[in-house]
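Assemble chain A onto chain S, guided by the hints.
These protein sequence lines are chains S and A, in that order. Per the numbering used here, residue 1 is the first one in the first sequence, and the count goes up by one each step. Per the numbering used here, residue 1 is the first one in the second sequence, and the count goes up by one each step.
What the hints contain is simulated information worked out from the structure, not anything from laboratory work.
Sample of chain S residues facing chain A (criterion: CB under 8 Å; computed from the structure):
(1) Thr347
(2) Ala354
(3) Val357
Only pairs whose alpha carbons sit at most 25 Å apart, straight line, appear in this in silico BS3-like list of lysine-lysine:
(4) Lys101(S) to Lys135(S)
(5) Lys437(S) to Lys322(S)
(6) Lys152(A) to Lys404(S)
(7) Lys377(S) to Lys136(A)
(8) Lys152(A) to Lys37(A)
(9) Lys125(A) to Lys174(A)
(10) Lys121(A) to Lys37(A)
(11) Lys378(S) to Lys136(A)
(12) Lys452(S) to Lys437(S)
(13) Lys382(S) to Lys136(A)
(14) Lys404(S) to Lys415(S)
(15) Lys379(S) to Lys136(A)
If you're wondering where the values come from, they're calculated on a predicted model, not measured in any experiment. Ideal Cβ placement from N, Cα and C applies to all residues, glycine included.
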Amino acid sequence: MARLNKEWIQSIADRAKKDVCQVESLLASRHIVPTPVLASPRRLMLVEIAFSGVKDGVSDDGPFEFRWEGLGNGLWAMLTDQNLRGKSSIMEMVRWLIRGKPSSNLQDDVRRWVHGARLRFLLDDVEHEVCAQTKGSVSGSLKRLSSSGSEHSTLATFSSESEFEEVMADFFMRALAMDAITNWRESSNDEKAGQTITHGWVAFSGAMFIGTNYDVLLGDMPVETGLSARLMQMYLGLPWVSTLAAAKSAQKSVLNAADQKSRQRAVSQKVKQVRVDNLSADLAAKRDDLSRIPSDKSVRDTLSALNIEYADTKRQELAMLKRLEREVAALLQVDAAYQEARRDLQTHLDSMAAGAVFRILDPTCCPRCDHSIGEAKKKQEKLTHCCSVCGESISTSEDADLMKIELEGRVKAMKAALDNATLNQQDAQVKLTILQKSIDKFQDQIEENTAKLGSFERRQELMMAIAVLDGRLQEAAFVPEPDNDINDDGDLMILNAIVTETNERVNIQREGLLKDVSARLVQYAQRFGMHNLSEASLKGNANLYLVKGGAPTSYSKVTEGEKLRLKVATILAMIEVAEQRGIGRHPGLLMIDSPASQEVSPEDVDQLITGLQLISQELPHFQVFVAGRTSTAITEHVPAENRRETSNSGFLW
Amino acid sequence: MNKRTPHRDALRILFILRAGGTQWDVPDEPEIVSIFKGEARLLAFDFWMRNPDYLAAELLDVFEQNGDNVYLQAAETIFENDEPDLRRVPMIRYLFGAYDKMDDSLSLLRSRDLIRITGLKSKTKVKETDFLLTAKGKEVCTSAVIQEPILKWYSDRAELVAKIAGERGGTALKQQQYVRTTYAETKYGGVIPPITSEVRQRLKQLKETA
Chain S
1 MARLNKEWIQ
11 SIADRAKKDV
21 CQVESLLASR
31 HIVPTPVLAS
41 PRRLMLVEIA
51 FSGVKDGVSD
61 DGPFEFRWEG
71 LGNGLWAMLT
81 DQNLRGKSSI
91 MEMVRWLIRG
101 KPSSNLQDDV
111 RRWVHGARLR
121 FLLDDVEHEV
131 CAQTKGSVSG
141 SLKRLSSSGS
151 EHSTLATFSS
161 ESEFEEVMAD
171 FFMRALAMDA
181 ITNWRESSND
191 EKAGQTITHG
201 WVAFSGAMFI
211 GTNYDVLLGD
221 MPVETGLSAR
231 LMQMYLGLPW
241 VSTLAAAKSA
251 QKSVLNAADQ
261 KSRQRAVSQK
271 VKQVRVDNLS
281 ADLAAKRDDL
291 SRIPSDKSVR
301 DTLSALNIEY
311 ADTKRQELAM
321 LKRLEREVAA
331 LLQVDAAYQE
341 ARRDLQTHLD
351 SMAAGAVFRI
361 LDPTCCPRCD
371 HSIGEAKKKQ
381 EKLTHCCSVC
391 GESISTSEDA
401 DLMKIELEGR
411 VKAMKAALDN
421 ATLNQQDAQV
431 KLTILQKSID
441 KFQDQIEENT
451 AKLGSFERRQ
461 ELMMAIAVLD
471 GRLQEAAFVP
481 EPDNDINDDG
491 DLMILNAIVT
501 ETNERVNIQR
511 EGLLKDVSAR
521 LVQYAQRFGM
531 HNLSEASLKG
541 NANLYLVKGG
551 APTSYSKVTE
561 GEKLRLKVAT
571 ILAMIEVAEQ
581 RGIGRHPGLL
591 MIDSPASQEV
601 SPEDVDQLIT
611 GLQLISQELP
621 HFQVFVAGRT
631 STAITEHVPA
641 ENRRETSNSG
651 FLW
Chain A
1 MNKRTPHRDA
11 LRILFILRAG
21 GTQWDVPDEP
31 EIVSIFKGEA
41 RLLAFDFWMR
51 NPDYLAAELL
61 DVFEQNGDNV
71 YLQAAETIFE
81 NDEPDLRRVP
91 MIRYLFGAYD
101 KMDDSLSLLR
111 SRDLIRITGL
121 KSKTKVKETD
131 FLLTAKGKEV
141 CTSAVIQEPI
151 LKWYSDRAEL
161 VAKIAGERGG
171 TALKQQQYVR
181 TTYAETKYGG
191 VIPPITSEVR
201 QRLKQLKETA
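This is chain S alone, in the form it adopts within the complex (with noise of 0.2 Å):
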């Protein structure tokens, strides 16, 4: 075995092109334990049962007890007339017994009605008790009893339910050398990964009773737990089933991991995909906000040059306002002064004319005294041309022309030099205003300007925004380095050659016992009258293809009558063929419920019970009980010793 072991760990490490202490050690990591030779079959075989209790709510209320003693190998009946008279209740407490937890066909009124249950069974020559107070709680004890009987070892105890479950469980997977099947169950999420589940007890047990649901071949399971494959590799008791079992878990597993991490990194690729496009619109819409208020620097260096402008502006305003003044004052001046010489020259004028008029005009008498002037000084004055009155000379008018043209003069310079004050004043008063509506528009400028400073805060506000964005973007677009998992990736190899190392193993042995199994499950299947079967081909993941009346069919497709009969016969050819090669793990026990239901015809069923009564002479180690109606095919076949019955519509307990 160690020798087997070391070649399959050395296969698997070729494979995988690995050191044997890398493979070595994955196996134990993953718990993968290799299974080159299963031990012996082992036998179990019923003695006793019995159960007690207090019936209520019925007919024939009161305290009960039932108790079936000396069982032994072949074929066993319960029987009644009728139904509902507790035959199936017998198989069911059998089975609670077994397995440590009632099935869901156990009818409610009758775990409440029981209150204490035995069984006593022989595993190989070993016999055993199960003990169990069932009132309320549950509680009890599982026992080794010696040859003689008298001494026995309590194995175990149990105080719950569940105690009882896993004592069993514990008990009977270790005594038929089971190995418990982890399977691989997908999830129906997407998000989510599938999960190992690991089957035990409940479902290899369920091998061992065949009730009146047949949608399976093997065991009770329902089809889509996928267990009926595993469960027949089980039953025919290959080796490296449960390795290879483990393998495709741990398999599974890790392919799973790698699945998850990708998916995991999809989502989150996709999650970081919407924040960064969020982010990226976030961050352009504040850009543009930011670029419509402009900068502030823009903002104080126009203000600077406005102001430096505006200061320039407003000092060649004071410096024009000073030379307008100098040429309003001019111009008052030189219009003063124009005007005054307008006045001179009209006042010469005037004065000139009225001189003339006086010129002529001689006096006659002195101004002072009335005296009036005599002819002598007249006559004194147009000789000397002096005053006849005064004695003054008389100014000539040719002085007062000289004067008229000297004033005309002065009129003309005054107006050309008026003229020229007025031209200056308009030019400074011109060229002030336009300084002054400059200044006006400097002064607009720089007020429009420094409003716009007052969006510093705002722009600030911006400014930071942007780079908060900008660092999350950067960050939501950081992308890491995938990191290779390079060790899943070496387990994975390593678990796909122990896979394809172990599935070689289990296939090499499979195909000569399934041969084998399917000829005797024709073989068996006729016996029970189906004459027409003349090909069975059972396949390793527990499909039955057969042959009917020449025409090809299969396993789900035959009635409910024929499917019960193969059933028995592939439970059967499993047991003798394991039998014949020394492997093989069914305990040989078989408990058929109910054949006689509406889809099983009487006819079925006595041809199955015909075929069960020889086969039991046959299989030593083979015992089965079956649960029906009366019928002569029963009663026939079945030695009055070995039945349990009842008439007239009575109870078997």
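Just chain A, lined up with the frame of chain S:
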């Protein structure tokens, strides 16, 4: 230019005396044509002759009273011809209003026998000085305008002043002239300042509303 202008001043007075006089019908004195009563009246006349802006103000007052466009027109002409500047001969304010010594002018007129000066006298004090215009004086007024047309302004202006003054005596005219704030507020001995700009403004307003 501070020039002596005795002849011009004398002629101005002569035109005033002719325009503001009343007919003299004394058979004994056929050479006298008219009489101008009172020196104060003469000074009042002369003030309006020498300050065309003040005269314009009077013309506007009259126009406002009777609405006769002639007065408005006359005031307008005064400004159009820059008379407040060109024709202004400043006077000072004295005890009884605008004053100037007229001795020289009156002497010139008297020495040519264009006027004669008379009056009512008490024993110690001259009560009123009257001025008589001689036929020769009247003749000179007429011939001077023909000989020197530039002098026609004086003749016309004296007529306009006389029209404004009417029959009013010197005291009444002085009171009239005191109505002008600027005139009234002038210190004694100070030159009575022009009111050209305010009258021009008033004229402008009246023309706009007219």
